[in-house]
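Asks: Got two chains here, each in a separate frame; can you build the complex from them with the hints?
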Amino acid sequence: MSTRSTTAPPPSSSGSPLLRVSGLRKSFGDHVVLDDLDLEVAEHGCVVLIGASGSGKSTLLRAIDLLEEVDDGSIELRGVDLADPWVDADAARARMGMVFQAYNLFGHMSVLDNVTLAPRLVHGRDKREAEAAAVEMLTRVGLADKIRAYPDQLSGGQQQRAAIARALVNDPELLLLDEVTSALDPELVGEVLELLAELRREGMTMLIATHEMAFARDVADQVCFLHEGRVHESGTPAQVLGGPQRTRTREFLARLHA
Amino acid sequence: MTTWQPSERALQRAAYRAGRRRRSFGVALLSTVVVAALAWWVLVTSPGWERARETFFDPAEFTDVLPGIAEGLWLNLRVWLIAGAVSLVLGLLLAIARTTTAPALFPLRAAVVGYVDIFRGVPVLLVLLLVGFGLPALRLPWLPNQAAFLGSLALVLTYSAYLSEIFRAGIESVHPSQVAAARALGLTRGQTTRRVVVPQAVRNVVPALLNMVVALQKDSGLISVLGAVDAIRVAEIAVTGSYNFTPYVAAGFLFLLVSVPLTRAVDAYNARRGWRGARGAAVGIR
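Chains as they are written, first to last, in the working numbering: chain Y, 6 to 263; chain L, 838 to 1123.
Derived from the structure by calculation, the hints contain no laboratory data. Small disclaimer: the values here were computed from a predicted structure and weren't measured. Among the clues, some could well be false.
Stretch-level coverage of chain Y by chain L, calculated; a stretch enters the list once three of its residues show a Cβ under 8 Å from a Cβ in chain L [said to hold, decoys possible]:
#, stretch
1, 130 to 143
2, 148 to 159
Pair ranges (Cβ atoms, derived) [unchecked claim]:
#, chain 1, residue 1, chain 2, residue 2, range
3, L, Leu-942, Y, Glu-74, 19 to 25 Å
4, Y, Thr-144, L, Arg-1031, 27 to 33 Å
5, L, Leu-962, Y, Ser-32, 52 to 58 Å
6, Y, Thr-144, L, Ala-847, 46 to 52 Å
7, Y, Glu-74, L, Leu-914, 20 to 26 Å
8, Y, Arg-100, L, Val-923, 39 to 45 Å
9, Y, Glu-203, L, Ala-855, 26 to 32 Å
10, Y, Ser-27, L, Ser-1010, 45 to 51 Å
Which stretches of chain L does chain Y cover? Using the computed rule of at least three CB atoms under 8 Å from a CB of chain Y, they are [to be verified]:
#, stretch
11, 1019 to 1027
12, 1035 to 1046
The C-beta atom is built at its ideal place from N, Cα and C for all residues, glycine as well.
Just chain L, with the same shape it has in the complex (with noise of 0.2 Å):
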């Protein structure tokens, strides 16, 4: 084994590119400022600039309202946890509901083919009034009507439908090779949906359905339209008291506090994986 003495035309090249890596850190560093410098100067010039700065990001109010938001977030963050693992669950029955082909199970997959077209169809909003207000209405003695409770329901319907067609773009993936080797085993058709495509299928599919997982986090707030008393909530009541919107201001502080940390996880996990994309392996083409 020799020993590797750059040659004069490798020092060469590694200082050129050491050049150019200097000269594109300072484009970037420059365009930054500039663009920075920009957007603070409409900002301040605008009219309204000192009155707006008042109403909505008041010091003093911010750290007042902070720790009754806060314990708001909590009740987003259940909410978010609970609904995010049913509707995972329930959207992977769906979406294997969907590839049964047993003639007895026709209603079944005509059933979740409706129940996807209208839930996906319908803005969440819209489900969580309809959800909220209708279903109490029914007076059914058994269902509790707590609005945190019919919120999460409402975030269910609505996204055990997108994530059960992710599944099924999942499971549409798994090459049919796979199903042939292990029919060729043997292995009955519902076997092989468990054992061999289920598995591949949600491998495949992990960072579209973290991606839901995260916007299932920021719609958890959505539940304070019916009066659950979430971060939202909680500004909304502070707001109505004092006229100054700083309670909206930080309850979305608090949203990016936790939404930020974690798109940063998803991303760094799906990097660990290989899926960086077009950024991962092409990125040493000069």
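Same shape as in the complex, but just chain Y (with noise of 0.2 Å):
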């Protein structure tokens, strides 16, 4: 793993990104979800994803993260294009972390299981390494006292910490975070952005899905704004935030303030 800068590079910075998605199109049946959809994200950039429900957010993310098949378009991570079927999916899915809405962990395996499945089973860990990881990952989570807990056994804050360590402790190149506080009791929401943060600050390239406003202004270098399954406007969460320029964006931010 390269080493991690911990102040971020300027945003949409020029060269080859980390991920760039272009001209991606995927629908279901008739109704056309992403439409000629182009994203870049550098490497250490944070890119957030806004937009109402039903807009593609999640639609990206997954199609991004090879959960989804795409009608045409190309998800190039590190200048290889992913869409193409000969590509290992099962390798490229290796490489990045999903956090998921409704967390998804295994609920037949403790905390401690799900966090050194993948380390054994994809990445060769042996058993003693992949716990060691594992239980100082879930301490840098505040997980250190659940750590043989079982998931029902945890608030759903905990659950989806216990999750982002799941994704975090495969030393992924891009972190997909789809709107994981949108499950989460009002209260319980700050512990889980508060981790966010922080990995932002360390680094961490990501990618994230929210509904969460003030979040967005802290930590993306790039917010886009979704509609109709295009990047309908995008920039410095200064400008799209505080200045939008397109009526529909204005139109969704005012709905939210409302």
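Replies: Right, here's the structure in full:
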């Protein structure tokens, strides 16, 4: 793993980005969810996706993580187009971390087993090594005392932090976060967002779908407003959230503050 | 912390509930007595009762044949345990085979579908007769031809087909988001099946599996049609000698002695794991 700088590079840095999505199209039957969508995430960058439900945020994240087959377009991770069917999808997914809205922890496994599963099965670590790394990561997300617990014994915030630890322990090149606080009680949202802000300061490359505008303003170097399957407006948080140029963006933000 | 003194209102409510409970108990007791008395009356006033009592409930005959039948039951129990274990393993493998997607495994999937269709659709008795009398006719030198073995084989064929459908229902009950989470971590399809889907699937269908295991305990008595000397066959031989049917009742009694505690144990196990269904969480609703 390359050393990560602690200061984020400027947004939309020139040169080759870590992730470049271009011309992405995905439809479910007649319903076009992603329509010729372009997006870039620079190394150590943090791009936040905003937009109404159904605007395609989740589908975009799932498509990038190869959990949805796309109709057209390319998903280049370090210059390799993952949308090509001859690319090893399992290996590609192993390079990215995904955190889901509903946590999706494995209910039949302890927190520790959830976190050590991929290191042992996918990354070839032995049990001792994997458990040491998992304990370290769980301690980091504040779950040192929950290692032996099962997911249904944890609060929503704890479950989501365990799910983040499960993704982080594999040292992902890109972390995809799909509305990770939407299922949480308001008083539990803070603990998860704090953790993400910390990862951001450490230079983790992140693509985040969220409805937390204050959080977006704090962590994003680029905010993309998705509308009808495209990036309708994008720019710095100040540009998009502070002074949106397009009508749809203004309407969306106005509804949030209403 | 204040100590709670039930209010006047709470005491009234408690007294009312206690009264209703006494009344419910009284009604239940009365209806049980009435129904039992009615059943008894129908039985003893039936024209053939005197004769039936002698041929089905002869106490001397009962104690006479019981040890022999119990010995036969030991064979049933061994057939049950072995056929049950083999059926569970085979049923799970069949269900997993059906979830594979590799093109090379298409013949396997097709074979599993055919197997399940056939052995679920044919009566157990017919499978027993065909296996018990058909296979020995092939004169395969390596095939054991004891009735107990062939009977167990027939039970395995039928029960593994049923169990595979239960396992398949369990596999389909695992939420797709679990698969998405596993695949997102880089697990292959096979690793996801083995480590994430199957363990959760089995948990989800434990009650249904245990029911089938209890049913197999009873169906182990069917091997008697092949001449295996089990509890039912021993009873049959005794009946043929005396023309008294008490041995059948004795065999039924012994089967109940095993299956009732087994059923209760299964129910207790399911209840402990939270499978109490509509009688569980909803029971407190007035």
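Asks: A range of 26 to 32 Å was offered for this pair. Does it hold for the Cβ distance of Glu-203 of chain Y and Ala-855 of chain L?
Replies: violated, 59 Å
Asks: With a cut-off of 8 Å between beta carbons, are at least three residues of the stretch 1035 to 1046 of chain L near chain Y?
Replies: holds (count 3)
Asks: Note whether the CB distance of Leu-962 of chain L and Ser-32 of chain Y lies within 52 to 58 Å or breaks it.
Replies: holds, 54 Å
Asks: Taking beta carbons only, do three or more residues of the stretch 148 to 159 of chain Y come closer than 8 Å to chain L?
Replies: violated (count 0)
Asks: Three residues or more, CB to CB closer than 8 Å: is that satisfied between the stretch 130 to 143 of chain Y and chain L?
Replies: Since 0 is below three, the answer is violated.
Asks: Is the hinted range of 39 to 45 Å satisfied by the C-beta distance from Arg-100 of chain Y to Val-923 of chain L?
Replies: holds, 43 Å
Asks: Range first: 19 to 25 Å. Now tell me if the beta carbons of Leu-942 of chain L and Glu-74 of chain Y are that far apart.
Replies: holds, 21 Å
Asks: Could you tell me whether the CB distance from Glu-74 of chain Y to Leu-914 of chain L stays inside 20 to 26 Å?
Replies: The hint (20 to 26 Å, Cβ to Cβ) is violated, given that Glu-74 of chain Y and Leu-914 of chain L are roughly 53 Å apart.
Asks: Take the stretch 1019 to 1027 of chain L, compare each residue's beta carbon with every beta carbon of chain Y, and decide whether three or more fall closer than 8 Å.
Replies: Since three or more residues must qualify, the claim that chain Y covers the stretch 1019 to 1027 of chain L holds, with 7 doing so at under 8 Å.
Asks: Is the distance from the Cβ of Thr-144 of chain Y to the Cβ of Ala-847 of chain L consistent with 46 to 52 Å?
Replies: Distance hint for Thr-144 of chain Y, Ala-847 of chain L holds at roughly 48 Å.
Asks: Kindly confirm whether 45 to 51 Å is satisfied by the beta carbon distance between Ser-27 of chain Y and Ser-1010 of chain L.
Replies: This hint is violated: roughly 39 Å between Cβ atoms.
Asks: Return holds or violated for the Cβ distance of Thr-144 of chain Y and Arg-1031 of chain L against the range 27 to 33 Å.
Replies: The hinted range 27 to 33 Å holds for Thr-144 of chain Y and Arg-1031 of chain L, with Cβ atoms some 29 Å apart.
Consistency note: the structure conflicts with the earlier hints numbered 1, 2, 7, 9, 10.
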